[in-house]
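In order, the protein sequence lines correspond to chains L and X. Residue numbering for the first sequence follows the numbering used here, beginning at 1 and increasing consecutively. Residue numbering for the second sequence follows the numbering used here, beginning at 114 and increasing consecutively.
Hints may contain errors.
Claimed, not checked - Quick list of in silico lysine-lysine cross-link-like pairs, DSS-like style, CA-CA up to 25 Å: (1) L:K101 - L:K40; (2) L:K22 - X:K214; (3) L:K101 - X:K171; (4) X:K191 - L:K40.
It should be emphasised that the hints constitute simulated quantities derived from the structure, not laboratory data.
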Amino acid sequence: ETGVTQTPRHLVMGMTNKKSLKCEQHLGHNAMYWYKQSAKKPLELMFVYSLEERVENNSVPSRFSPECPNSSHLFLHLHTLQPEDSALYLCASSPHRINEKLFFGSGTQLSVL
Amino acid sequence: AQSVTQLGSHVSVSEGALVLLRCNYSSSVPPYLFWYVQYPNQGLQLLLKYTTGATLVKGINGFEAEFKKSETSFHLTKPSAHMSDAAEYFCAVRASVDDYKLSFGAGTTVTVRA
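Kindly produce the complete structure, drawing on both the sequences and the hints.
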């Protein structure tokens with residue numbers, strides 16, 4: 001148990017659906033991240049929040065919309081996704097933005113039909 | 114910009130044999146290097162890291178890695194594989210202590226044969 005919990009574990013959605021991924025950390029960390037993990041490709045950093053402020057938006061399409069209401073919770077709102085968006089979405093946290101030790105959740109396996 | 118290349122997307126070893134996972138990086142500045150491990154159905158965990166100082170670093174579960182600047186490499190080894198080492202391993206690089214972005218490799222899947 002790493003202290004970072006992601007829900008749901010699996011999600012299947014159509015291209016016209018709207019869904020949200022949730023991440024929660026109970027580690028007292030100040031920074032939270034969304035990564036995309038596609039098969040046999042490097043992890044892609046999507047968003048970084050530090051003290052609830054977005055500090056990085058790594059050229060992610062607008063169909064992905066993050067939300068960080070407080071330092072313990074992070075959401076990724078999804079709408080009108082494409083099949084190529086199917087991947088494992090990983091949430092991570094770290095004590096501070098400048099910290100090499102990331103604590104990852106188990107991820108949400110997303111399939112877009 | 115920093116990048117990481119992991120040679121071999123899949124490695125199969127016998128139980129008790131040497132595990133060697135290769136990682137080469139490119140960086141315009143002295144890098145900070147990491148290995149993460151992902152067990153099935155889990156998130157990534159930090160295995161070990163190199164920042165400064167001794168170039169041979171030891172991590173958890175008997176793994177170690179050596180930073181070789183001349184070869185721009187940070188290969189991961191374990192002398193004797195155990196069945197529990199079956200997982201996916203990721204090499205990552207960060208440009209400096211002030212750079213929060215980690216660039217990950219594509220990963221190497223390790224299977225251990227009995």
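Hints and how they fare:
1. A distance of roughly 23 Å separates the Cα atoms of L:K101 and L:K40; the hinted pair therefore holds under the 25 Å criterion.
2. Only pairs whose Cα atoms come within 25 Å are accepted, and L:K22 paired with X:K214 is accepted, the gap being roughly 22 Å.
3. Proximity of L:K101 to X:K171 is assessed by CA-CA distance (about 16 Å); at most 25 Å being required, the pair is judged to hold.
4. A threshold of 25 Å between alpha carbons decides the hint, and for X:K191 with L:K40 the separation of about 23 Å falls inside it, so the pair holds.
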